[in-house]
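Chain by chain, the residues run as shown.
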Amino acid sequence: MWTWFYKLASPPYVYGAAAALAPWFLGLAAITISYGLVAGLAFAPPDYQQGDAFRIIYVHAPSAWMSLFAYTSMAVAGAIALIWRIKMGHAVAAASAPIGASFTVLALFTGSLWGRPMWGTYWAWDPRLTSELILLFLYVGVMSLRSAFEDPARGDRAAALLAIVGLVNVPIIHYSVLWWNSLHQGATVAKLGKPSMPGSMLWPLLSMLLGFMLFYGAVLCMRLQGEVLNRERQAKWVREAIKS
Amino acid sequence: MNVGALEAFGLVVRRELCLSFRRPDQLLQPLVFFLIVTTLFPLGLSLQLSLLRDMAPGVLWVAALLSSLLSLDALFKSDADDGTLEQLALSGQGLTLIVVAKTFAHWLVTGAALVLVSPIVGTALGIPGSAFATMMLSLGLGTLTLSWLGAIGAGLTVGLRRGNVLLSLIVLPLAMPLLIFGAGATDRAISGVSATGALYFLAALCVFTCTLAPFAATVALRITLE
Amino acid sequence: MNATADGLSVEKVHVWRGDRHVLKGVSLNLGPRQLLHVSGPNGTGKTTLLRVVCGLLRPEQGLVSWLGTSIASVRTEYQATLAYASHEPALKADLTALENLRFAVGLKRRVTVDELRSCLERTGVAVCADLPARVLSAGQRRRVAMARVLAMNASLWLLDEPFTNLDGAGADLMSGLLQSHVEQGGAALVVAHHDLKIDVDMRRLDLGP
Amino acid sequence: MSNGFWSMGGYAGYVWPCFLFACVVLAWNLWAARRYHAAARMRAARALLMAAGDAS
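Residue numbers (this note's numbering), protein chains in the order written: chain A, 8 to 251; chain B, 39 to 264; chain C, 67 to 275; chain D, 452 to 507.
Next comes chain A alone, as it looks inside the complex:
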């Protein structure tokens, strides 16, 4: 079992697998995102309360989900790398961070644009958006810590530890923001996304979600190749990889 594990984590294998998988992920992401866009923008019926503004959910919800997903995978990859001293885990974590941060920015942007017609203001300190903002700060912290070290190996390990500490804190931050918001906001305001949705609204959303996941996978594979090369500059296999 362990030999399989280490083979999976060997740099040339990771580099090759990433190169092979990236176009597949990208193609599938293009299909699912196109379907989600067309079905969500043109065919899903408008929401009875929020009208057509609810269509923002088709980019907001997937990006908010991806921001958390990317952070979690970054922390888990970092933990694996830290515990078993597997360099490729750090490569995955380093590749994951900027993608996750960009999704967080997207979630914040779409969330506040949705808030303008619903609450009358771009920023109403909605608990979910506030947590999202703090998540962005966590991303920025991890990325700046990694780049602050001259020795990349130490930067990797420091960033991995911070990502794990951040991951433990994410639920605490979220629930404390919820508690804080319930103190300061009297009546419940309109929320983006409702528990029950008709299929014509739900299927495009799920398709967008899947599309964003696949897109994340594609970009992760592309970035991962760069991260692997940066970490393995002196290795023999790089020579062949570069020449081709």
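Wrong hints could be hidden among the right ones.
Listed below are several chain C residues computed to face chain B (Cβ distance under 7 Å; list not exhaustive) [claimed, not checked]:
hint : residue
1    : 145
2    : 152
3    : 154
4    : 158
5    : 160
6    : 169
7    : 170
8    : 173
9    : 174
So the derived label-pair ranges between C-beta atoms look like this [to be verified]:
hint : chain 1 : residue 1 : chain 2 : residue 2 : range
10   : B       : 146       : D       : 493       : 49 to 57 Å
11   : D       : 481       : A       : 249       : 19 to 27 Å
12   : B       : 200       : D       : 490       : 18 to 26 Å
13   : A       : 17        : D       : 475       : 35 to 43 Å
14   : A       : 37        : C       : 91        : 47 to 55 Å
15   : C       : 176       : D       : 504       : 57 to 65 Å
16   : C       : 196       : B       : 241       : 38 to 46 Å
17   : B       : 253       : C       : 176       : 21 to 29 Å
18   : C       : 178       : B       : 44        : 17 to 25 Å
19   : A       : 123       : D       : 490       : 33 to 41 Å
20   : A       : 13        : D       : 504       : 29 to 37 Å
Derived from the structure by calculation, the hints contain no laboratory data.
Computed from a predicted model, the values in this text were never measured in an experiment.
C-beta: ideal position from N, C-alpha, C; glycine also.
Following the hints, complete the assembly by docking chains B, C and D onto the known chain A.
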């Protein structure tokens, strides 16, 4: 002849206290910073005592967090710079014990001191005396928790030249729950509502952080010591 | 290349610093009553090797063992038995020489003030005992650091450039202390860029390219 | 349909910028990842060249 863990803990705490009291200026700086920041807020706002009282918990807590953070940078840095941190790490006592003792001592000279001067600031901000007990208790729990979070951050940034800004950048997001519950508890105490809920949350956060953070801070120090 | 069960053994240790391959498969053995002199030009990883031997730096490849067991598994116990002197004296400027010793040595073993004073006397800095380290000269600080090594009663000494800043008498004193430590059954690993003149079982490891 | 589709029931000013920005973010991700990989290749190639120079 071996030195027990408790004895070693006491020795490191004594060492830290001794070092702090040799440098009274550094001991006072965070406190003065705390006082100055809380003075800035009323000057920047219009002098309406009712408005001031509404803002007081937030002002107090933001100032407390920032001033504790200010001194956290030096938690491991001065020892790392003169090489004594290596000696402590090699003392055969386990790095976690050293980290725990150092952080605790640091809290004694910054956090606990801040709690003691907080009634003065509270009075200036118009916080009624009836809320002082809750305010001081919440500040005590909050600064202790922050010291632990800060120990992780200080461990991670100890080898960096411009670690101070980075330390704030990585610790402040983690400290937001403290601000929420701490200011929440103080706020409720001012308006005469029971603050036990928020205090319980703060205590839970404190216990949780005190249990896990020493190990995280140890790993952080090991990473940067290498 | 067999691990000595009665001392320190380093086997094929590799350390990278970023792109730099600092230690390229270094091996060494050090038993009791032995002194190993590590030499080599600047930047050849002498200090890195010492930090690996201390257990402060975990090598990417290779094994460091003490009394036949890997130091990674018995790190704190192992570290309790060694005395390390880095190339900086590692003294707190605000504490007196005696306090510096008390707080550093006190973590390793129970020690009385008289013992510490006698150690300071042996290194010739008894007069500095109650002065803050900030007013001491570089040579005096080095001697205080040496007194700390003495006071730790450690069986393994790891010294990084112990002769820096010492005058002729100081260097002779240092050689004498090393000699008596080794003669009493101790082991010492000394990083120095010049030749050592100590009459013990001494070997040399040159880390040069 | 076309008129109502583009006006988004009066919410066009909010909906379309969101989708536009989403496209920008996705495109940036692809572009930045490509550039990062290319830069890493360049650096690796330079390191190889330097190593070859040392060996000869």
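Hints, verified against the model:
no.	hint	in the structure
1	145	holds (5 Å)
2	152	holds (5 Å)
3	154	holds (4 Å)
4	158	holds (6 Å)
5	160	holds (4 Å)
6	169	holds (4 Å)
7	170	holds (5 Å)
8	173	holds (4 Å)
9	174	holds (6 Å)
10	B:146 / D:493: 49 to 57 Å	holds (53 Å)
11	D:481 / A:249: 19 to 27 Å	holds (22 Å)
12	B:200 / D:490: 18 to 26 Å	holds (25 Å)
13	A:17 / D:475: 35 to 43 Å	holds (36 Å)
14	A:37 / C:91: 47 to 55 Å	holds (50 Å)
15	C:176 / D:504: 57 to 65 Å	holds (59 Å)
16	C:196 / B:241: 38 to 46 Å	holds (45 Å)
17	B:253 / C:176: 21 to 29 Å	holds (28 Å)
18	C:178 / B:44: 17 to 25 Å	holds (19 Å)
19	A:123 / D:490: 33 to 41 Å	holds (39 Å)
20	A:13 / D:504: 29 to 37 Å	holds (33 Å)
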